[in-house]
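Position chain B relative to chain A; hints supplied.
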Amino acid sequence: MPNPTKSMRVFRRCFSVFTILLIVGFQLVSCKKDEPKPEVAPSDNLSLDSVVATKTNIVVWEEIHITAFARGPAITFKWQTNHGSMVGIDSSTVLYWACPTCVGDNIVKCTVSNAFGSISDTLVIHVTP
Amino acid sequence: MNHYLSNLSMKFLVVGIFILFMVNEVSGQCCAAGNPVGGDGTQDGVKKHQMRVFAAYRLSYSRDYFNGDSKEDVRHIEKSFYNYSSLSLTYGVNWRLTLHGEMGYFFNKVQDVNLSEGQERISASGAGDLALSGRYDLLKKKLVNENQLVVSLGGRLPVGAFSEEQDGVVIPISLQPSSGALKINSGLFYSHKKKDFPVGWSSYLFIEWSNTIEKDFLIYKYGNLYLAEVSAFYSKNQKFVGVLSGKVEVREKDERENQQEIDATGSWVFYLKPQLQVGLAKTLQLITFAEVPVYKYTNGSQLTNLFSFQVGIRNAFSL
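Those sequence lines, one after another, are chains A and B.
For the record, in the first sequence the residue sitting at position 113 is 113 according to the numbering used here, with numbers rising by one throughout.
For the record, in the second sequence the residue sitting at position 172 is 172 according to the numbering used here, with numbers rising by one throughout.
Heads up, a few of these hints could be off.
In silico lysine-lysine, DSBU-like type, Cα no more than 35 Å apart, as pairs [claimed, not checked]:
{"#": "1", "chain 1": "B", "residue 1": "K282", "chain 2": "B", "residue 2": "K47"}
{"#": "2", "chain 1": "B", "residue 1": "K239", "chain 2": "B", "residue 2": "K48"}
{"#": "3", "chain 1": "A", "residue 1": "K109", "chain 2": "B", "residue 2": "K253"}
{"#": "4", "chain 1": "B", "residue 1": "K194", "chain 2": "B", "residue 2": "K282"}
{"#": "5", "chain 1": "B", "residue 1": "K195", "chain 2": "B", "residue 2": "K239"}
{"#": "6", "chain 1": "B", "residue 1": "K253", "chain 2": "A", "residue 2": "K55"}
{"#": "7", "chain 1": "B", "residue 1": "K48", "chain 2": "B", "residue 2": "K195"}
{"#": "8", "chain 1": "B", "residue 1": "K194", "chain 2": "B", "residue 2": "K47"}
{"#": "9", "chain 1": "A", "residue 1": "K37", "chain 2": "B", "residue 2": "K215"}
{"#": "10", "chain 1": "B", "residue 1": "K195", "chain 2": "B", "residue 2": "K282"}
{"#": "11", "chain 1": "B", "residue 1": "K140", "chain 2": "B", "residue 2": "K236"}
{"#": "12", "chain 1": "B", "residue 1": "K183", "chain 2": "B", "residue 2": "K253"}
{"#": "13", "chain 1": "B", "residue 1": "K79", "chain 2": "A", "residue 2": "K78"}
{"#": "14", "chain 1": "B", "residue 1": "K140", "chain 2": "B", "residue 2": "K195"}
{"#": "15", "chain 1": "B", "residue 1": "K79", "chain 2": "B", "residue 2": "K253"}
{"#": "16", "chain 1": "B", "residue 1": "K236", "chain 2": "B", "residue 2": "K282"}
{"#": "17", "chain 1": "B", "residue 1": "K183", "chain 2": "A", "residue 2": "K78"}
{"#": "18", "chain 1": "A", "residue 1": "K55", "chain 2": "A", "residue 2": "K109"}
{"#": "19", "chain 1": "B", "residue 1": "K48", "chain 2": "B", "residue 2": "K282"}
{"#": "20", "chain 1": "B", "residue 1": "K215", "chain 2": "B", "residue 2": "K183"}
{"#": "21", "chain 1": "B", "residue 1": "K195", "chain 2": "B", "residue 2": "K47"}
{"#": "22", "chain 1": "B", "residue 1": "K183", "chain 2": "A", "residue 2": "K109"}
{"#": "23", "chain 1": "A", "residue 1": "K78", "chain 2": "B", "residue 2": "K215"}
{"#": "24", "chain 1": "B", "residue 1": "K195", "chain 2": "B", "residue 2": "K141"}
{"#": "25", "chain 1": "B", "residue 1": "K215", "chain 2": "A", "residue 2": "K109"}
{"#": "26", "chain 1": "B", "residue 1": "K236", "chain 2": "B", "residue 2": "K141"}
{"#": "27", "chain 1": "A", "residue 1": "K78", "chain 2": "A", "residue 2": "K55"}
{"#": "28", "chain 1": "B", "residue 1": "K79", "chain 2": "A", "residue 2": "K55"}
{"#": "29", "chain 1": "A", "residue 1": "K109", "chain 2": "A", "residue 2": "K37"}
{"#": "30", "chain 1": "A", "residue 1": "K55", "chain 2": "B", "residue 2": "K71"}
{"#": "31", "chain 1": "B", "residue 1": "K71", "chain 2": "B", "residue 2": "K183"}
{"#": "32", "chain 1": "A", "residue 1": "K55", "chain 2": "B", "residue 2": "K215"}
{"#": "33", "chain 1": "B", "residue 1": "K141", "chain 2": "B", "residue 2": "K48"}
{"#": "34", "chain 1": "B", "residue 1": "K79", "chain 2": "B", "residue 2": "K183"}
{"#": "35", "chain 1": "B", "residue 1": "K239", "chain 2": "B", "residue 2": "K141"}
{"#": "36", "chain 1": "B", "residue 1": "K282", "chain 2": "B", "residue 2": "K141"}
{"#": "37", "chain 1": "A", "residue 1": "K78", "chain 2": "A", "residue 2": "K109"}
{"#": "38", "chain 1": "A", "residue 1": "K37", "chain 2": "B", "residue 2": "K183"}
{"#": "39", "chain 1": "B", "residue 1": "K253", "chain 2": "A", "residue 2": "K78"}
{"#": "40", "chain 1": "A", "residue 1": "K109", "chain 2": "B", "residue 2": "K79"}
I should point out that these hints are in silico values taken from the structure, not numbers from a laboratory.
The shape of chain A in the complex, shown without the other chains (with noise of 0.2 Å):
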């Protein structure tokens, strides 16, 4: 069988650099995060007063909301638990339910966040099948 000429051996080791650096490239963009704001003391700039759930016991797949009052300019809001499931209702509220493999005690955190920082608060939900 001929041997491959030289510049299909080029080709191919191009081809191989070209894949391998896709493969990296995959890596940078998934890698790329936003920096969070520093946490800072609640002022007139800046306050998360409370969260508050409709329910805090409650069974598979029931629905409560969750909702964060807060005060400063241009806020943004945002929502974390380790188990469950949310989706927004408005800026400040969110809907809360939990599928079967949420059972237990499961945290809920909020945080606000504008140009002069981030605050957050947590609070549990009681999950029973």
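Just chain B now, with coordinates in the frame of chain A:
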């Protein structure tokens, strides 16, 4: 010369067959469509200094809730699915040792949930995990057959997207493109095929362990995963290969904080996998398969996979 070409073609054919055997899917725990395992999941060795490139697209669709082996008449989650692409490189360091790496990207990973206020769609996209493995062929090359006995050791690095948000809400981990956990896996692959004989078979065992995710207040550990697969194939004119596989997937229960087992996780599923490979050119193959669960048993109530489908293109060349 013809004899050499025939042997070369046969080697490509056998390598291709092995690829078909090894594409794996892991069912989601509870509420989402799960994740692919190690991309194309190939476990075979390749020739010394040979590079193999494989690009694939996969659709996975989950819909029905099961409790035990009974289908439940509930529709809290209407459906969950993902569209995923992957690119893998496999390189033969020498005649025995092969290195494999793969990266994937989720175009979307979706859950449609029925809520009292209507149906909501939760969706994420982004890079998945990076899979790396090394494989070692334990058998000497023989003239009368193309048998391989390959032991593998690898892992999946959680380098992908794991903090995806929707409207200011971080979406559940089951819908994040990355699993978020470092996983170590090992496999044992055996194939049997005589040269110039159109029928062969293979078997494959695989186990994967996951470390515990500890991110902010999330503490989570995926249950161990066990796969066993047996396949038979038929090839015609070295350009067409049909494969039928049976696969058992067992997954242990997940754990949350304080090593507390989560009851509604863990399952075992038996899949049938019809597969097809068509030679497009000398070293270029179109590879496609469907994976259909025919028996499912879940611990508690869980959303289960309905089917998955993959199509891919593979090329191999010497460096």
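For a quick check of understanding: which of the numbered hints are violated here, in increasing order? Hints that this structure does not satisfy do not exist here, as all of them hold.
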